[in-house]
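Model the placement of chain B on the given structure of chain A, informed by the hints.
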Amino acid sequence: MSRYIIKRLITSIIILWAVLSATFLLMHLAPGDPSMLYLRPEIDAKVVANIRSQMGFDMPVWQQYFIWIKNFVQGDFGFSFVQHQSVSRILLDAIPNTLRLTISVLVFQYIVGILLGILCALKQKTKLDTIINGSLLFLYAMPGFWIALIAILIFSSYLGWLPSSQMNSIQEFNNIWTYTWDSIRHLVLPTLILSIPFISYTMRFVRDKFIDIMQDSYIVTAKAFGFKKNMILFKYALKNALLPLITLVGLYLPFLLGGAVITEFVFAWPGMGRITVNAIYTHDYPLILAANFIATFAVISGNFVSDILYYVADPRIRFGKNIA
Amino acid sequence: MVQMFKSLKTNLFIQMIVNALKIHKTFIGLVIVVILILSSFLSTPISGYHPDSHGDIVNERYLAPSGAHPFGTDKFGRDLLSRVLYGGRISLMIAVSVVTISMIIGVLYGSLSGYFGGRIDRVMMRILDFLLAFPLIFLIITLIALFKMTHWYLIPLLAFTSWMETARLIRAEILSLKEREYIMAVQGLGYSHLRIIFVHVIPNCLSVVLVTIPLKIAEVILLESALSFLGIGVQPPTASWGNIINDGREVLTSAWWISTIPGIFITFTVLSFHLISDGIRKSLSVQS
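Line order of the protein sequences matches chains A and B.
The numbering used here puts the first sequence at residues 5 to 328.
The numbering used here puts the second sequence at residues 695 to 982.
Treat the hints with care, as some may be off.
[Unchecked claim] Straight-line distance between alpha carbons at most 25 Å, and here's what the computed DSS-like set of lysine-lysine pairs gives: (1) A:129 <-> B:976; (2) A:239 <-> A:127; (3) A:127 <-> B:719; (4) A:213 <-> B:976; (5) A:129 <-> B:719; (6) B:976 <-> A:127.
[Claimed, not checked] Each pair of labels, with its calculated beta carbon distance range: (7) A:48 <-> B:812: 53 to 59 Å; (8) B:817 <-> A:119: 39 to 45 Å; (9) B:725 <-> A:80: 56 to 62 Å; (10) A:227 <-> B:791: 51 to 57 Å; (11) A:26 <-> B:812: 24 to 30 Å.
[Said to hold, decoys possible] Far from chain A by the CB rule (all over 12 Å, computed), these chain B residues: (12) 783; (13) 863; (14) 896.
Worth flagging that the hints you see were computed from the coordinates, not collected in a lab.
Note that the structure is predicted; figures quoted are calculated from it, not measured.
Quick reminder that beta carbons are idealized off the backbone N, C-alpha and C, glycines included.
Chain A on its own, in the form it takes in the complex (with noise of 0.2 Å):
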């Protein structure tokens, strides 16, 4: 167990280290002097030596390298001269907001995918599962912006429903309670919208692994000693069928958080990609290159963590001999 947890995490911290000296390696590729990414013109001369020389940015390149990995591991990346603030600082702000939305978009997904993957399988080849399928690839092809300006369109200008941008309203709230019912009400079209791409995926996923397992030999002893069809659907399929899903969740992260870029900037939610996307607006490097550096760790270590949880959960993979 312990041996393939730190075999998983060596991988994981080379991933990591890869990428940082990619983005360095790129920082010097591209046009221009690497140090000018994180100074801007406007700022004195003066200054401009001062920060250089605290950066780094007059050593060697081989000196420069270390110090920018050692400040990206320490989770300092630099001023933003944009807003006048430390770039650790405000990605801090950001990154529970966007928490918030990918965590409640993730339960929302797997809740309504898994139910229908199993009525779906369960009413294989029916009417009912030819038209969940169709209207979920239906969904799938609308692209989530354009899904999401309609339906600010519909519930927020027409109907009046739901706030259509903004995490909470611009008001007191007596009471925690307001508060957070205020919260869910925000919440709820981002959730939407953000999730039916995966909706549709851990429906599929869901429906055909049903199906496989109910024609596993074990379902069909148990069938045969007449077990109940309830019994038989809970107690022994569904828990081989979700036990997958655990990895499911390393594949969603890199287009959750990509997903979550376009819902963030449509509904003005204040998180990571709204400030990546207004960054590249106003030209504010040094938040573009953490930003990016914080979504690749997000998504090495969650693919560390469905791994490890994958792991734990299934003994065919702890016991077996050959691990990965």
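The following block gives chain B in isolation, referenced to the frame of chain A:
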């Protein structure tokens, strides 16, 4: 002998296309795509307006859909029908070029990795893992920022960031092909690796490629429209579905037609490519 094999292959190929067309949905998908392509090149004659020609800024701004402007007009009084059709040309052209390049890279990478196996394969797959660790949008944003890219970049950028899954798919296919007798036979005949890969291995995994291409095109259309929507893809005044939707964002309630109509086009295009891919897959399984 060689001639015989060649004709056999083309016949199979034609047979496959015929099979695919027999499947209803594929036919519908194909018809939609053909209509889109044709109309996108005839945007000016169909609508009667040039996509970039400004109308009367006072009287022709934000006109609702009507007989003269079936899709209405935008903030410069430009005819939306013309822009949407023309935007389709841009989006489709970008998608097709990106997919062409990314398929070439993906097939080459995957087949080299799969064919040689062993240490080469392991190193190449690690590199792939590493590339896949970047969340796509963040990677694209970072590259755009670092290289201060202007408009020519979109095709190479998207191609470079979208070949990885194809490479994986092809590698898996080739790993199983490699064990076949005919590959051993040509290896025994002493053919060079390059000849084996290009003449005997790659042509035999084209079926996988054929199924993937329409899916990939759909994916790139969605990605490009998202980037254009964010303002970092196709730059105005050149129309693309994504940036027209972005144009309409500020006037969503007062001029709903600007944002809604291009989205419908994207949806049906993506859907059609999915149907085509589905049909190809089914016709391949019918064949085998």
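Evaluation of the provided hints:
no.: 1; hint: A:129 <-> B:976; result: 17 Å, holds
no.: 2; hint: A:239 <-> A:127; result: 19 Å, holds
no.: 3; hint: A:127 <-> B:719; result: 23 Å, holds
no.: 4; hint: A:213 <-> B:976; result: 20 Å, holds
no.: 5; hint: A:129 <-> B:719; result: 17 Å, holds
no.: 6; hint: B:976 <-> A:127; result: 22 Å, holds
no.: 7; hint: A:48 <-> B:812: 53 to 59 Å; result: 57 Å, holds
no.: 8; hint: B:817 <-> A:119: 39 to 45 Å; result: 43 Å, holds
no.: 9; hint: B:725 <-> A:80: 56 to 62 Å; result: 57 Å, holds
no.: 10; hint: A:227 <-> B:791: 51 to 57 Å; result: 54 Å, holds
no.: 11; hint: A:26 <-> B:812: 24 to 30 Å; result: 25 Å, holds
no.: 12; hint: 783; result: 18 Å, holds
no.: 13; hint: 863; result: 15 Å, holds
no.: 14; hint: 896; result: 28 Å, holds
This entry satisfies every hint, going by the numbered hints stated previously.
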